[in-house]
Amino acid sequence: MRLTLGVPVSVLSSTFPAPQPPPPPKETPLCDFPSCTEKRKYRAVRDWTIGACCPLHLRVVGLDIEEMVSKINWYVPPEFEAELLAGR
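The opening position of the sequence shown corresponds to residue 47 in my numbering, with each subsequent residue numbered one higher.
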């Protein structure tokens, strides 16, 4: 058994508003790594406003200066370490 319901078009057009056009697409932010112009694909866990195009750039961008110095302190002579930390 099949039931059909007939509704006049004038009733439908007055109860349902006209469809809105879709909003414009948001612009994808760029990688926060210096001199990189790729689109951002990854976000930092600690701060979601920071992002990068690849895991390597994300790791470098996501480190703060103290973490960076502690990770690469074998490259940084002790006399320059104080300058790096002071220049935050």
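Don't read these hints as lab results, they were simulated from the structure.
Note that the structure is predicted; figures quoted are calculated from it, not measured.
Note that beta-carbon positions come from the ideal geometry of N, C-alpha and C, so glycine has one too.
Hints may be right or wrong, so weigh each one.
Said to hold, decoys possible - Label pairs and their computed distance ranges (CB to CB): (1) D93 - T50: 42 to 52 angstroms; (2) R92 - A64: 41 to 51 angstroms; (3) R89 - Q66: 23 to 33 angstroms; (4) R105 - A128: 21 to 31 angstroms; (5) L49 - D93: 49 to 59 angstroms.
To see whether the hints hold, each was checked on the structure:
1. As the Cβ distance of D93 to T50 is approximately 58 angstroms, the hint placing it in 42 to 52 angstroms is violated.
2. For the pair R92 and A64, the beta carbons lie near 45 angstroms from each other, so the given range of 41 to 51 angstroms is met.
3. For the pair R89 and Q66, the beta carbons lie near 30 angstroms from each other, so the given range of 23 to 33 angstroms is met.
4. For the hinted restraint 21 to 31 angstroms between R105 and A128, the CB-CB distance of approximately 25 angstroms keeps it satisfied.
5. The beta-carbon spacing between L49 and D93, approximately 58 angstroms, falls within the hinted interval of 49 to 59 angstroms.
Of the numbered hints given earlier, the model fails hint 1 alone.
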